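Novice: Sequence:
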Amino acid sequence: MDALIFYTNPMSRGQIVRWMLEEVGVSYEQRLLDYPSGMKSAEYLAINPMGKVPAIVHDGRVVTECAAICAYLADAFPEAGLAPPTSDRADYYRWLFFAAGPVENAVTNHAMQWNPSPDQSRTVGYGSYETTIDALETAVAGKSFVANDTFSAADVYLGSHIDWGMQFGTIPQRPVFERYIAPLRERAAYRRAKEIDGALIAKAQRPADR
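If you use the working numbering, the sequence shown corresponds to residues 3 to 212, in order.
Simulated from the structure, these hints should not be mistaken for lab results. Don't take every hint at face value.
[Stated by the list, open to error] List of simulated lysine-lysine pairs, DSSO-like, C-alpha gap at most 30 Å:
(1) K196 / K42
(2) K54 / K145
(3) K42 / K205
(4) K145 / K205
(5) K42 / K145
(6) K54 / K42
[What the hints assert, rightly or not] The following label-pair restraints were derived from C-beta to C-beta distances:
(7) E45 / W166: 15 to 21 Å
(8) A143 / Y37: 33 to 39 Å
(9) A70 / E31: 16 to 22 Å
(10) A70 / R208: 30 to 36 Å
(11) T172 / Y37: 17 to 23 Å
(12) G200 / G27: 16 to 22 Å
(13) G27 / R181: 23 to 29 Å
(14) G53 / E31: 40 to 46 Å
(15) G40 / Q122: 20 to 26 Å
(16) A70 / F170: 22 to 28 Å
(17) F170 / A137: 19 to 25 Å
(18) A137 / I7: 31 to 37 Å
Values in this document were obtained by computation on a predicted structure and should not be read as measured data. C-beta: ideal position from N, C-alpha, C; glycine also.
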């Protein structure tokens with residue numbers, strides 16, 4: 003099996019990739035990095051010049067950015083069935099990258115209390131926070147999964163944004179979002195990933211022995 007190295011911090015978007023890795027079901031080497039030193043070390047900056055996690059190195063190939071990593075892993079391990087056939091990926095690509103672009107930007111800016119004026123919304127890619135959240139509701143309304151009625155990497159990524167957003171109050175707890183995310187939280191891979199990162203967070207927060 004090709005070597006797969008996973009660079010992460012449990013209190014980061016690395017949780018998204020952890021879930022994806024658990025869905026894929028392949029073995030990987032975990033490398034935990036802290037924010038002030040590990041992510042800014044020369045060794046890691048050679049992998050990701052942004053000094054951010056997560057990142058993976060698979061058989062010598064570097065992939066960064068959560069959406070890209072999820073899509074890459076789905077293609078690299080097709081036996082997991084986490085990507086639709088290439089001829090049927092319209093919704094898969096559409097909503098995967100909608101979450102990576104408009105949702106990520108709109109939610110972050112709104113949480114930081116910056117919202118574009120009506121004139122600025124013409125230039126800002128997501129238009130407005132409200133428009134983006136309404137479109138996100140459209141993406142999952144009446145669906146078990148966001149693409150082709152089949153669970154995919156797009157659900158890992160989009161679902162993670164909705165899951166976190168509702169937990170931390172950056173995405174409203176609309177009934178449509180609750181119905182979509184509830185079964186995703188019951189997935190065995192989701193639960194394994196949360197257990198792993200939860201244990202790492204608890205260990206990091208434990209007072210040092212004196």
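Novice: Hint by hint, which ones does the structure fall short of?
Specialist: 2, 4, 5, 7, 14 and 15
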